[in-house]
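> If you're matching them up, the sequences are chains F and P in order.
Residue numbering for the first sequence follows numbering that gives the first Met the number 0, starting at 0 and increasing by one per position.
Residue numbering for the second sequence follows numbering that gives the first Met the number 0, starting at 0 and increasing by one per position.
Think of the hints as simulated: they come from the structure by calculation, not from any bench.
It cannot be assumed that every hint is accurate.
[Unchecked claim] The calculated lysine to aspartate or glutamate pairs, modelled on EDC-like cross-linking and capped at a C-alpha distance of 20 Å, are:
1. F/121 x P/253
2. P/85 x F/166
3. P/291 x P/350
4. F/40 x P/76
5. P/297 x P/350
6. F/96 x P/86
7. F/40 x P/86
8. F/96 x P/226
9. F/96 x P/171
10. P/329 x P/293
11. F/350 x F/300
Remember, predicted model here, so these are calculated numbers, not experimental data.
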Amino acid sequence: MELFGFLGEIITDYTLRTVALGSAILGIISGALGSFAVLRKQSLLGDAISHAALPGIAFAFILTGIKSPIILIIGAAVAGWFGTLLMLSVIKNTRIKTDGALGLILSTFFGFGLVLLTYIQKQPQANQAGLDKFLFGQASTLLQSDVIIMGILGAIALVILMLFWKEFKILTFDPDFGESIGLPIRLLDILITFLLVIAIVIGLQTVGVVLMSAMVVAPAAAARQWTNHLGLMVVLAGIFGIIAGVSGAIISSVGAKLPTGPIIVLCISLIVGISMLFAPNRGLVWNWIRRRINRHRLHLEAVLSDLYELTLHHERRDHPHSVRALETMSIGGGEFVRNSLRELQTKGWVKNVSGDEWALTESGLAKANDLVKERQV
Amino acid sequence: MNPAQIEIQLIAIVVAVACALPGVFLVLRRMALMSDAISHAILLGIVLAFFVVKDLASPLLVIAAALTGVLTVSLVELLNKTKLVKEDAAIGLVFPVLFSMGVILISRFAGDVHLDTDAVLLGELAFAPFNRFEPFGYDIGPITLYVMAGILLLNLLFIIIFYKELKVATFDPGLAASIGLSPAIIHYALMSLVSVTAVGAFDAVGSILVVALMIAPPAAAYLMTNDLKWMIIISAVIGILSAVTGYWCAHIFDVSIAGSMATMTGVFFLLSFFLAPKRGMLSIWQRRSRQKWEFAIKMLVVHLSHHENLPEAKDESRIDHLQRHFEWNKDFAERVVRRAEKSESIITVGDIMELTDKGRQLAGESVVK
Chain F
0 MELFGFLGEI ITDYTLRTVA LGSAILGIIS GALGSFAVLR KQSLLGDAIS
50 HAALPGIAFA FILTGIKSPI ILIIGAAVAG WFGTLLMLSV IKNTRIKTDG
100 ALGLILSTFF GFGLVLLTYI QKQPQANQAG LDKFLFGQAS TLLQSDVIIM
150 GILGAIALVI LMLFWKEFKI LTFDPDFGES IGLPIRLLDI LITFLLVIAI
200 VIGLQTVGVV LMSAMVVAPA AAARQWTNHL GLMVVLAGIF GIIAGVSGAI
250 ISSVGAKLPT GPIIVLCISL IVGISMLFAP NRGLVWNWIR RRINRHRLHL
300 EAVLSDLYEL TLHHERRDHP HSVRALETMS IGGGEFVRNS LRELQTKGWV
350 KNVSGDEWAL TESGLAKAND LVKERQV
Chain P
0 MNPAQIEIQL IAIVVAVACA LPGVFLVLRR MALMSDAISH AILLGIVLAF
50 FVVKDLASPL LVIAAALTGV LTVSLVELLN KTKLVKEDAA IGLVFPVLFS
100 MGVILISRFA GDVHLDTDAV LLGELAFAPF NRFEPFGYDI GPITLYVMAG
150 ILLLNLLFII IFYKELKVAT FDPGLAASIG LSPAIIHYAL MSLVSVTAVG
200 AFDAVGSILV VALMIAPPAA AYLMTNDLKW MIIISAVIGI LSAVTGYWCA
250 HIFDVSIAGS MATMTGVFFL LSFFLAPKRG MLSIWQRRSR QKWEFAIKML
300 VVHLSHHENL PEAKDESRID HLQRHFEWNK DFAERVVRRA EKSESIITVG
350 DIMELTDKGR QLAGESVVK
């Protein structure tokens with residue numbers, strides 16, 4: 000009942016509805032475009048772009064004197080885009096590697112952004128209040144009009160993503176092949192980076208410059224654990240993004256003094272953790288269980304083939320052998336051998352003749368025979 | 000300059016050099032972004048330690064923060080080992096979690112204490128001289144200056160003592176491992192230094208300036224030299240220059256000091272990017288352009304020498320023939336001829352070109368026999 004009351008609140012409470020909707024849009028767009036960034040090993044590009052956007056926001060405000068979100072978003076996009084181009088040019092023309100170039104752009108652009116922000120603060124007539132919300136994000140200040148702009152930009156980005164789906168797929172997995180069939184790979188590269196810039200800029204107001212990179216990396220990294228299929232991964236990343244965004248918005252609205260951005264980041268990180276542990280095939284827990292089962296099976300087979308080895312020395316195949324003899328051949332102690340024998344007994348492959356004496360059964364003999372043959376192959 | 004201004008610049012200079020030292024190895028080892036991750040993640044350590052001791056000046060804060068830095072590095076390694084995500088993604092996953100926890104704890108519990116996120120991220124160098132170091136009642140300068148000088152000394156000693164080990168491990172990890180230098184130990188030692196430096200610098204200059212000072216000066220120096228020792232020295236010098244010029248820019252325009260210094264590191268990198276000898280964009284362009292002309296002149300003399308003294312020589316040696324033969328446009332062809340004349344490889348009689356001895360020699364050298 001409480002849950003329904005809560006859902007009702009989301010729909011009726013203006014602030015919560017706006018924040019949840021904004022966070023959902025942020026989640027789906029950054030999840031979808033982040034998937035490509037992560038697959039293209041550009042996970043941290045988001046970090047650089049979001050930091051580089053800060054001077055753009057400040058510049059847009061200085062130039063126009065208007066605090067309208069669309070103008071600030073354009074400023075952020077231009078600066079983020081410029082930073083990316085500069086970074087790519089550094090990587091291409093010098094021996095500085097991606098990590099260095101990213102760090103260079105993000106720290107110096109951000110520093111310049113700070114300079115501009117403090118410059119604006121010192122202007123007597125300027126009403127700069129609210130610009131610094133881009134640093135850490137302040138989802139609670141989202142307005143319906145902000146969300147509408149986010150929605151429109153996000154929709155444009157998603158539509159472009161769908162239109163060039165096949166091309167982007169080739170760009171991601173085999174750009175050389177793309178080049179050979181005449182795709183404009185460079186242009187596509189620029190286009191998809193531009194879409195990433197849009198995704199990041201959309202999120203800045205909600206989660207802020209510093210944490211935006213997490214929204215690019217995390218949903219995609221989580222989705223990656225569940226599937227090997229690009230389409231599914233993008234959809235899943237979008238869904239994870241929405242879940243994290245909305246639950247983050249709700250949690251921070253419940254508790255006092257819980258900043259939305261960091262909460263959203265913790266939510267998506269939790270999803271990443273769960274995915275890495277429990278996703279089928281890749282999940283660490285399943286891997287661990289699988290390894291345990293395999294190891295157990297190998298141990299059993301080792302005891303069985305030891306007994307087989309001993310049996311081969313005797314005329315009678317059901318000649319019993321002592322645990323002590325098996326123990327000397329085995330990697331484990333007497334208890335380990337006894338336990339293994341008991342388990343083999345339940346499978347009907349060995350029989351207990353007397354006390355610590357064990358012998359192979361007919362089916363055990365056949366099984367051991369198969370094993371030895373398998374190994375010889 | 001009043002004493003406070005001198006002190007601020009001194010602190011900034013010490014921080015700049017302290018950051019540049021480990022920064023060189025971060026850039027060379029392609030782990031520049033670990034400085035970003037560590038300098039953000041230490042916020043959590045500082046906040047947790049603050050809740051325990053309730054004192055912002057306690058050395059426990061520094062220790063806790065440094066431990067968080069090492070924890071960040073270990074978590075990234077751990078994620079890498081699972082092979083579930085790529086290395087860059089691992090960094091991008093780990094530090095936002097720790098940073099978010101720090102931010103949430105601050106805004107939920109710390110209230111109006113001096114500890115706020117802006118301060119950690121942005122720092123406020125202008126306030127650094129307010130905390131004085133006063134042993135036995137004598138005021139001998141700001142605390143931050145002494146803390147950072149200590150860290151600078153630590154970094155310097157580490158690099159001097161383990162210079163050879165660091166060098167081998169950085170440029171040839173395989174060799175390092177084979178002669179018994181554990182890559183893991185060097186990695187963690189370096190990361191601990193980065194953590195300690197970031198922690199020491201955080202309340203003075205903020206984490207972003209730490210990142211800028213650790214990456215930009217070494218990156219700029221990397222373009223200027225091939226010698227590790229010189230790279231370290233140049234990085235330190237660029238760091239100092241950025242600190243001082245950054246301070247004065249901030250002073251003149253009345254803006255954030257840390258931001259201004261970070262901007263200046265970017266400016267100095269750009270200068271190096273364009274003007275560095277050999278590797279700068281300008282000398283690359285120059286070299287390319289020179290090579291273009293040299294190549295064109297070689298083509299021209301080889302062409303002339305092919306047809307020299309043959310019946311078709313008159314036809315082949317006409318300047319307007321070049322356009323057809325090499326598909327050069329008229330303007331380019333004329334400029335090549337003029338340059339070839341200037342280098343005394345050919346002489347022109349009317350619109351017929353003739354090789355000089357020098358030109359013949361050049362043609363001979365240019366063709367592989």
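> Determine for every hint whether it applies to the structure shown.
Hints and how they fare:
Pair hint residue 121 of chain F plus residue 253 of chain P holds up; C-alpha atoms about 8 Å apart against a cutoff of 20 Å. Of the pairs offered as hints, the one joining residue 85 of chain P and residue 166 of chain F is violated, with about 23 Å between alpha carbons and a cut-off of 20 Å exceeded. Taken as a hint, the residue 291 of chain P and residue 350 of chain P pair is broken in the structure, with Cα atoms around 23 Å apart against an allowance of 20 Å. Between the alpha carbons of residue 40 of chain F and residue 76 of chain P the distance comes to roughly 17 Å, so the proposed pair stays at or under 20 Å and holds.
Note on residue 297 of chain P and residue 350 of chain P: the hinted pairing holds, with a Cα-Cα distance of about 19 Å set against a maximum of 20 Å. For the given pair, residue 96 of chain F sits about 14 Å from residue 86 of chain P by alpha-carbon distance, which is consistent with the 20 Å threshold. This hinted pair checks out: residue 40 of chain F and residue 86 of chain P have alpha carbons roughly 9 Å apart, not beyond 20 Å. For a cut-off of 20 Å, the pair hint linking residue 96 of chain F to residue 226 of chain P stands: about 18 Å separates their Cα positions.
For the given pair, residue 96 of chain F sits about 17 Å from residue 171 of chain P by alpha-carbon distance, which is consistent with the 20 Å threshold. Simply put, residue 329 of chain P and residue 293 of chain P have alpha-carbon atoms about 18 Å apart, close enough for the 20 Å limit, and the pair holds. Simply put, residue 350 of chain F and residue 300 of chain F have alpha-carbon atoms about 15 Å apart, close enough for the 20 Å limit, and the pair holds.
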